[in-house]
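Participant: Read off the chains here:
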Amino acid sequence: MSLDPTIGNFESALLAQLDAAHNLARWLVHNDQDAQDVVQEACIKALRSANSYRGGDFRSWFLAIVRNTSFTLLTRKKNSQGSNTQQIQDAGNDLAADSELYDPQEIAIRSADADLLRRAIASLPAVLREALVLREMEGLSYKEIGKIAGVPIGTVMSRLARGRTQLQSLLMKMEKA
Amino acid sequence: MTCAEIDRLLHAYVDDELDIATALQIELHLPGCAKCRAQVEAARVIKTAVAQPTIYFPAPADLRSRIQKAILAEKQASTPVENSTGTIHLWRRPIARLAIAAMLLLVIGSIYLLSTRDSGQNQIAELVDSHVRSLEASHLLDVESTDQHTVKPWFAGKLNFSPPVVDLSQEGFPLIGGRLDCLNQQKIAALIFRRNKHTINLFIWPGETSAATDTKQGFNLIRFECKGMICWAVSDLNTGELQQFVELFQQQKPASTRN
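So the sequences go chain by chain: A and B.
The first sequence maps to residues 1 to 177 in the working numbering.
The second sequence maps to residues 1001 to 1259 in the working numbering.
Calculated from the structure, these hints are not laboratory results.
Bear in mind the structure is a predicted one, so any value in this text is a computation, not a measurement.
Any given hint could be a false lead.
As the list claims (entries may be wrong) - Some chain A residues flagged as far from chain B (calculated, every beta-carbon gap over 10 Å):
(1) Asn68
(2) Gln81
(3) Ser123
(4) Val151
Claimed, not checked - Which chain A residues face chain B? A few, computed with CB under 8 Å, are given here:
(5) Glu11
(6) Leu15
(7) Val39
(8) Leu47
(9) Ala50
(10) Glu100
(11) Pro104
(12) Leu116
(13) Arg118
(14) Tyr142
(15) Ile153
Stated by the list, open to error - To be clear about the criterion: a stretch of chain A counts as covered by chain B if any three or more of its residues have a C-beta under 8 Å from a C-beta of chain B, and this derived list gives those stretches:
(16) 18–25
(17) 54–64
(18) 129–136
Positions of the beta carbon are idealized from the N, C-alpha and C atoms, including for glycine.
Next comes chain B alone, as it looks inside the complex (with noise of 0.2 Å):
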C-alpha cells in the first residue's frame, strides 16, 4: 500500500471502521514510513482532543424540567377535549359501546398487518442497503478466502449461530469471503460469492422463514431456509442465475469445522 493510499483510509483507521484486511495493511506499511506514522498520530491526538468533557455542552438542569413540561402540555394538546356539555354520550349505550369495540379491533388489526409487513420491507430495504454498502466501500470482506474451511472457522467466536459455508466454484459461483454484518441489532454472517463480475451478498442469521423473493432498486432478493437459518441472496444477477446460485447452495454439504 502507498503513502498516498494510506493518507485516504488513515481517519478510517483510526477509527477502527476499516475491515481487517485493509487495516492489516496498514499496519503492516507503519513500521517503515515516519510520515504516515506521524499522521495517525496527529489524528488520535485531535480525537483525544475533541472527546475530552471540558468542551462537552449537557443539557442545562432546567431545559431538562422545560422540555418536560412542553411534553406534558403537547400530551393535553393532542388528547380529545373531555366532553362536558350537554351532548348525547354515544359510547353510554351498550350497542354503541359494542359497535366500537369492533371498530377498534379492526383498527388494531389493520395496525398489526400494516406494521408486520412494514418491518419485513424494512428488513429487506436494510439488506439491499447493507449489499450496495459492501460493493461501494472496503467493507466487502473481512475474511478473504477461497477456501470453506477457512471462512466457516472464522466466524467461530464472533457469532453465537455457524452459518453453513460452501464453495460452489465448480459451479460458477466462487466463494470470495465472509463478512459480519448486523441486522436489526443483531449480528449476522454475510458469504460473498462471484458471478462473473456480479456480487452476490448471502445473509444468514438463526430462525425458520419460508422461501420468497422480492426486487427492489433493481436487486433481487431470495430468501431461503437452510439447516435452520434464515438466508437471502442479495445480488444484481438476474433471478434465474440467483435462483440457480440458491439451488445449489441448498444442495451442497456444507464444510465441516477443521482445525
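This is chain A alone, in the form it adopts within the complex (with noise of 0.2 Å):
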C-alpha cells in the first residue's frame, strides 16, 4: 500500500486497521479496557512519527506499533504486580514439549468449543500467540509477521510450529468448562 503522506490519508489507513489492530492488542493484553488503552496509544504513536514511516506495508508498521505498545503495557503490569503474573514475553517459557500425536477429528471437535478454545490460545505463550493471531486471524505472511516481531522469517516458521502443537496438546488436556 503506498501512501500519501498527507494527514487525511493517514488517518483514514489508520482507521482501517482498527479491528487488526484491537484484535492482536486484545489477544495480548487479555482485557478489554487494556486493550483498548494500547489501540488508542498506539494511533496517537503513528500519528507522532508519521513522518518516520518510510512507505512500504502501512499495515505491518502499524501493527508493529500496537505490538510494542501491547508488550510495553505487560511489561510495567507485570513491574507493579511483583511476580505474581504470567509469563509476558518469554520465548523460553514453553510449556514441556509434547511430542503425542493428536487425533486431527478429536483437535477439531474440541476446538469447535469456543471457550476451551479461547483459554487454550490465552494460556500460550505471547510470541507464539502473537504469531498465531497474525498469521491465521490476519493472513499476515512470514515476512510481515517477522517485520512486526522483530524476528527473522526462520524464527517466524519455528513459533507457529510450536504455538500450533502447543495449541493442539493444550485443547486436548484443558478442562472444558
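Since each chain comes alone in its own frame, lean on the hints to assemble the complex.
Facilitator: Below, the structure is given as C-alpha cells:
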C-alpha cells in the first residue's frame, strides 16, 4: 500500500486497521480496557511518527507499533504487580514439549468449543500467540510477521510450529468449562 | 525427504510459504506416510480453528469514535496556537512574505532530496535483505535449473515482463535457478548464480537506470541496465569479480524462449 503522506490519508489508513489492531492487542493483553488503551496509544504514537513512516506496508508498520505498545504495557503491569503474573515475552517459557500425536478429528471436535479454544490460545506464551493471531486471523505472510515481531523468517516458522503443536495439546488436556 | 525433515517444514508447507521444489518433495512423501499426513491434517485443523470469526475481537464502535476524537485533539495540539494578542504579524509585510516563501521552497526542496535519497537507500536495504533471506531459508530457488531455456519460460505468466536469462557457467558463473521476489510490492525476477562458494542474486525488473555501485552490510551491489531492465547484482563476492560477472552478463546473448 503506498500512501500519500497527508494527514487525512494517514488517518483513514489507521482507522482501516482498527479491527486488526484491536484484535492483536486484545489477544496480547487479555482484557478489554487495556486493549482499547493500547490501540488508542498506538494510534497517537503512529500519528506522531507519521514522518518516520518510509512507505511500504502500512499495516505491518502500524501493527508493529500496536504490538510493541502491548508488550510495554504487559511489562509495566508485571513490574508493578511483582512476581504474581503470567509469563510475558518469554520465548523460553514454553510448555513441556509434547510429541504426542492427536487425532485431527478429536482436535477439531474440541476446538469447536469456542470457550475452550479461547482459553487454550490465551494460555500460550505471548510470542507464540502473537504469531498465530497474525497468521491465522490476519492472514499475514511470514515476512510481514517477522517485520512486526522483529525476528527473522526462520523464527516465525518455528514459532508457528510450536504455537500450533502446543495449542493442540492444550486443547486436548484442558478441562471443558 | 525423511519424516524428521518434514516435521521441521510442515507448518511452512501448510502455510504455503515453501518454495515449489521443497513443497513438491513433501507432496511426494505424504501419500506413503500416515504419520506425516496426520500431522499436516492436525496443523490444518488448528489453522481453521484459530481463524474462525467467533473468537476474533473487532474494535468496539465506541473505540472508533474515541480514537477519532483523540486524533483530532492530537492534531490541534500540534498546530501552533493562533496569534490573537497584539504582537507584530510579521507575515503581513511583503518582504517577509517573500522571505517565508523562499524558506518554504528551500525546506520543500531539501525534504524532496532527502526523501529520494532515502528511498534509494531503502531499496538497497531491501535488496540486501532479500539476498540474505534467500541464503538462510529454503527459499533460494523456485525453479532449480542450470538451463536458461528452463528458467526463462518459468517466469512467463508469473511476471508481466520477461527477464533476460543467460548461463555463464563457461565463464565460471553457473546459473543455478530463478525465483520470484518482491520489491516495493512489485513482483520482480531474481536469477541465482554461483561463483565458487559465493551466491549471486541478480534482481531484475523493467525500467531505466544508470550504473552504480554500493556496499551494505559487507555485501557488494552493482546496478546496471540491460535490455530495458533495471538489474541489481548482490553478493558477498569481491567487487572485481562481481563487476566481471556484470560485464559478462551484459555481453551474453539472452536465451530466446523455447517451448
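Participant: Next step is simple, just say for each hint if it's right about the structure.
Facilitator: Quick rundown of the hints versus the structure:
| no. | hint | in the structure |
| --- | --- | --- |
| 1 | Asn68 | holds, 18 Å |
| 2 | Gln81 | holds, 23 Å |
| 3 | Ser123 | holds, 13 Å |
| 4 | Val151 | holds, 12 Å |
| 5 | Glu11 | holds, 6 Å |
| 6 | Leu15 | holds, 7 Å |
| 7 | Val39 | holds, 6 Å |
| 8 | Leu47 | holds, 6 Å |
| 9 | Ala50 | violated, 11 Å |
| 10 | Glu100 | violated, 11 Å |
| 11 | Pro104 | holds, 4 Å |
| 12 | Leu116 | violated, 10 Å |
| 13 | Arg118 | holds, 5 Å |
| 14 | Tyr142 | holds, 5 Å |
| 15 | Ile153 | holds, 6 Å |
| 16 | 18–25 | holds (count 5) |
| 17 | 54–64 | holds (count 4) |
| 18 | 129–136 | holds (count 4) |
Comparing the model with each earlier hint shows violations of hints 9, 10, 12; every other hint is respected.
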